[in-house]
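Peer 1: Protein chains in written order, with my numbering: chain E, 1 to 136; chain Y, 137 to 272; chain S, 273 to 408; chain A, 409 to 544; chain B, 545 to 680; chain L, 681 to 816.
These aren't lab readings, by the way, just hints derived from the structure by calculation. Using N, Cα and C, we set each Cβ at its ideal position, and we do this for glycine too. Hints are not guaranteed to be accurate.
To be verified - Pairs of lysine-lysine, DSS-like flavour, derived with a Cα cap of 25 angstroms: (1) K77(E) to K168(Y); (2) K730(L) to K594(B); (3) K186(Y) to K802(L); (4) K530(A) to K481(A); (5) K576(B) to K481(A); (6) K431(A) to K50(E); (7) K50(E) to K514(A); (8) K712(L) to K365(S); (9) K378(S) to K458(A); (10) K209(Y) to K32(E); (11) K730(L) to K637(B); (12) K650(B) to K712(L); (13) K322(S) to K440(A); (14) K186(Y) to K576(B); (15) K258(Y) to K730(L); (16) K576(B) to K258(Y); (17) K186(Y) to K594(B); (18) K242(Y) to K594(B); (19) K186(Y) to K730(L); (20) K666(B) to K730(L); (21) K186(Y) to K773(L); (22) K617(B) to K440(A); (23) K229(Y) to K594(B).
As the list claims (entries may be wrong) - Covered, in the sense of this in silico footprint (three residues per stretch, anywhere, with C-beta under 8 angstroms from a C-beta of chain L), are these stretches of chain B: (24) 638-647; (25) 661-674.
Protein chains: 6
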Amino acid sequence: MVYVTRLEHFNAAHRLFNPAWSKEQNEQAFGKCANENWHGHNYELYVTVKGNPDPDTGFLFDARQLGALIREKVTDKLDHKNLNLDVDFMRDKMCSSENLSIEIWKQLSPHLPSGVSLHCIKLYETPRIYIEYFGE
Amino acid sequence: MVYVTRLEHFNAAHRLFNPAWSKEQNEQAFGKCANENWHGHNYELYVTVKGNPDPDTGFLFDARQLGALIREKVTDKLDHKNLNLDVDFMRDKMCSSENLSIEIWKQLSPHLPSGVSLHCIKLYETPRIYIEYFGE
Amino acid sequence: MVYVTRLEHFNAAHRLFNPAWSKEQNEQAFGKCANENWHGHNYELYVTVKGNPDPDTGFLFDARQLGALIREKVTDKLDHKNLNLDVDFMRDKMCSSENLSIEIWKQLSPHLPSGVSLHCIKLYETPRIYIEYFGE
Amino acid sequence: MVYVTRLEHFNAAHRLFNPAWSKEQNEQAFGKCANENWHGHNYELYVTVKGNPDPDTGFLFDARQLGALIREKVTDKLDHKNLNLDVDFMRDKMCSSENLSIEIWKQLSPHLPSGVSLHCIKLYETPRIYIEYFGE
Amino acid sequence: MVYVTRLEHFNAAHRLFNPAWSKEQNEQAFGKCANENWHGHNYELYVTVKGNPDPDTGFLFDARQLGALIREKVTDKLDHKNLNLDVDFMRDKMCSSENLSIEIWKQLSPHLPSGVSLHCIKLYETPRIYIEYFGE
Amino acid sequence: MVYVTRLEHFNAAHRLFNPAWSKEQNEQAFGKCANENWHGHNYELYVTVKGNPDPDTGFLFDARQLGALIREKVTDKLDHKNLNLDVDFMRDKMCSSENLSIEIWKQLSPHLPSGVSLHCIKLYETPRIYIEYFGE
Numbered sequence: 001m002v003y004v005t006r007l008e009h010f011n012a013a014h015r016l017f018n019p020a021w022s023k024e025q026n027e028q029a030f031g032k033c034a035n036e037n038w039h040g041h042n043y044e045l046y047v048t049v050k051g052n053p054d055p056d057t058g059f060l061f062d063a064r065q066l067g068a069l070i071r072e073k074v075t076d077k078l079d080h081k082n083l084n085l086d087v088d089f090m091r092d093k094m095c096s097s098e099n100l101s102i103e104i105w106k107q108l109s110p111h112l113p114s115g116v117s118l119h120c121i122k123l124y125e126t127p128r129i130y131i132e133y134f135g136e
Numbered sequence: 137m138v139y140v141t142r143l144e145h146f147n148a149a150h151r152l153f154n155p156a157w158s159k160e161q162n163e164q165a166f167g168k169c170a171n172e173n174w175h176g177h178n179y180e181l182y183v184t185v186k187g188n189p190d191p192d193t194g195f196l197f198d199a200r201q202l203g204a205l206i207r208e209k210v211t212d213k214l215d216h217k218n219l220n221l222d223v224d225f226m227r228d229k230m231c232s233s234e235n236l237s238i239e240i241w242k243q244l245s246p247h248l249p250s251g252v253s254l255h256c257i258k259l260y261e262t263p264r265i266y267i268e269y270f271g272e
Numbered sequence: 273m274v275y276v277t278r279l280e281h282f283n284a285a286h287r288l289f290n291p292a293w294s295k296e297q298n299e300q301a302f303g304k305c306a307n308e309n310w311h312g313h314n315y316e317l318y319v320t321v322k323g324n325p326d327p328d329t330g331f332l333f334d335a336r337q338l339g340a341l342i343r344e345k346v347t348d349k350l351d352h353k354n355l356n357l358d359v360d361f362m363r364d365k366m367c368s369s370e371n372l373s374i375e376i377w378k379q380l381s382p383h384l385p386s387g388v389s390l391h392c393i394k395l396y397e398t399p400r401i402y403i404e405y406f407g408e
Numbered sequence: 409m410v411y412v413t414r415l416e417h418f419n420a421a422h423r424l425f426n427p428a429w430s431k432e433q434n435e436q437a438f439g440k441c442a443n444e445n446w447h448g449h450n451y452e453l454y455v456t457v458k459g460n461p462d463p464d465t466g467f468l469f470d471a472r473q474l475g476a477l478i479r480e481k482v483t484d485k486l487d488h489k490n491l492n493l494d495v496d497f498m499r500d501k502m503c504s505s506e507n508l509s510i511e512i513w514k515q516l517s518p519h520l521p522s523g524v525s526l527h528c529i530k531l532y533e534t535p536r537i538y539i540e541y542f543g544e
Numbered sequence: 545m546v547y548v549t550r551l552e553h554f555n556a557a558h559r560l561f562n563p564a565w566s567k568e569q570n571e572q573a574f575g576k577c578a579n580e581n582w583h584g585h586n587y588e589l590y591v592t593v594k595g596n597p598d599p600d601t602g603f604l605f606d607a608r609q610l611g612a613l614i615r616e617k618v619t620d621k622l623d624h625k626n627l628n629l630d631v632d633f634m635r636d637k638m639c640s641s642e643n644l645s646i647e648i649w650k651q652l653s654p655h656l657p658s659g660v661s662l663h664c665i666k667l668y669e670t671p672r673i674y675i676e677y678f679g680e
Numbered sequence: 681m682v683y684v685t686r687l688e689h690f691n692a693a694h695r696l697f698n699p700a701w702s703k704e705q706n707e708q709a710f711g712k713c714a715n716e717n718w719h720g721h722n723y724e725l726y727v728t729v730k731g732n733p734d735p736d737t738g739f740l741f742d743a744r745q746l747g748a749l750i751r752e753k754v755t756d757k758l759d760h761k762n763l764n765l766d767v768d769f770m771r772d773k774m775c776s777s778e779n780l781s782i783e784i785w786k787q788l789s790p791h792l793p794s795g796v797s798l799h800c801i802k803l804y805e806t807p808r809i810y811i812e813y814f815g816e
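Produce the entire structure from the sequences given, and follow the hints as far as they go.
Peer 2: Have a look at this one:
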């Protein structure tokens, strides 16, 4: 079994706030991340799939096709968007990178070809903070 | 003469649009960067100063002090902010990285100590796009 | 379960030598790393914690708090220090990155909040050499 | 148990094509990677070994020795070479990074010292695509 | 005046050899870079343009358009190609990164819009070697 | 005219202190950088040379030869050393990166071949601080 990882990226605005809380509670919990006028990031998304290489091609899953799938199902829906307002699969969810990683997994995993399974979503919010999710 | 460069960063939301234009004109000129719900970036800011090292310290300008000055005068005002809405020195300006670099120069240059002059503002909007401004 | 990783760094001097050995034995085992006048590195420290996100915040552990904890318990004690001479928790230990990673684990693991457990200490000694320790 | 990783690199030409297929089939499967005049990459190779540190040295395996072993057994045979034509251990194999990672594992694993075992071969073909192989 | 830089990349094979020389002379001058079966690189190309921002857009030259121009005129002709065999503008030239940078300048400079001039071609052959050319 | 840049690196210990000053003055001026037990860095050294490419090779100066020259004249004398104690050309000088860059220039510039001149010494002390020196 081999693991193939592909990097894609997207630039987005977001805001951390809990609508059930007061403005003061949100500022206490999230600090400057609660700014009501939003802030944003260049997100770097590493998607890892696993399985056995095809003997005819030597590929587990052509990295160009993997990149196209990530863009179609995930990053085209996130790039230059507001994660709180513009993204169907983040609606009514706390817009943390933890939750975003879990939702990206759900968007991608049903669309992988037979013999290829999703192993890890790794999402850099900044060069110094990243989240990993392995599906459970 | 030596050149000393210090990297600081900030995460911010912004939007590209010209208020004198229609929505269609803005979308034609700026594409997805005109999204009315904003998007954002992890900006990386390299500030370069130049001058002669002090014989007593070997320093042109202590990098810790240069970092503190950049944070006080520039990045504390930009980090986790909306560049179009929250930043005094960007008010009524097109919020491109070109213009942001020029305004950052204006914020920093009056505050450098004697014998140290500002040489370059280099601003990465993404890892693949950056602006340089040399003051004229 | 999600994994959250935070990067912090420190700059330190160290030396590899076994006090039970002769100078020749140390030079044979450690080469230029045994230089009696020390050498040093910019260490990059990635700390990974794991657990379930809090439904109210979407966070496993706020990355700003994780960074503050790492600095308080670990990197403030290592930064701009001599690892052999200045660091309580490295006293009488061979000052390899392997041993340093294990000791960093011991410094951090008792201080994580309920529901958050330490998963990995990853320590870059140079951009081309790193150590990982998973606690056992 | 600790894990030690060493980065080495090599620059090589290669081509993806299946000799049992027609030119059209190869172009359909591999696109521009099938160019009969070859293309190439700067490969980055991360080799991870695991085991317990030696109490006398604090080392699992001296990173300088690990680097020398990787160069002798692997990268000296790949650097500035054509992976399809010049490399004994890739002969008659599809020249994908998946297969190359598996073969690199086979070249290295018999040569590690007692108490040190190979954990992972991680091979970057480009900064945006990498393969991992864990030996089974 | 501001400077805007855009990064694009291409992966290519090449070989260094002078057809007027014997095999021995080529091997003496170019070492393993003369391998008759080729080798290759992931080239990183930074293109810098300069001029005054447009008051209506805040842009000197939209980075998306600059990227599209670089791909059309340069990297689409180089990516997954053999630089010695497949590239019109390198025919009968020594295939060094020095010469490649000069030829890339010639391909791009006639196609920049009014008010925008080419400032620098910076070409990384590996992460440790790069060439800059400023047009004269 | 083209510019060729080569990256080399070295790991060293150093300390900032002025022997004409009291301990208190040194701590006030240099803070934790004055630690009497030293600290250290992974220095990254970019050396840029300029000139016209040789028509027979396409090279200004073979990057392998440039690397060998930098190692022989500079980095072999600095790597795994104490910059204050072990380095002839830093004796009796304040051990700042500013002064180190100037001395590296002096070590290298007399040894370049005819037609190749030194353009810039760029020295990263950390990934966030670097010095440039152009020879005057």
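Peer 1: What hint numbers does the structure not satisfy?
Peer 2: Numbers 6, 12, 13, 14, 16, in rising order.
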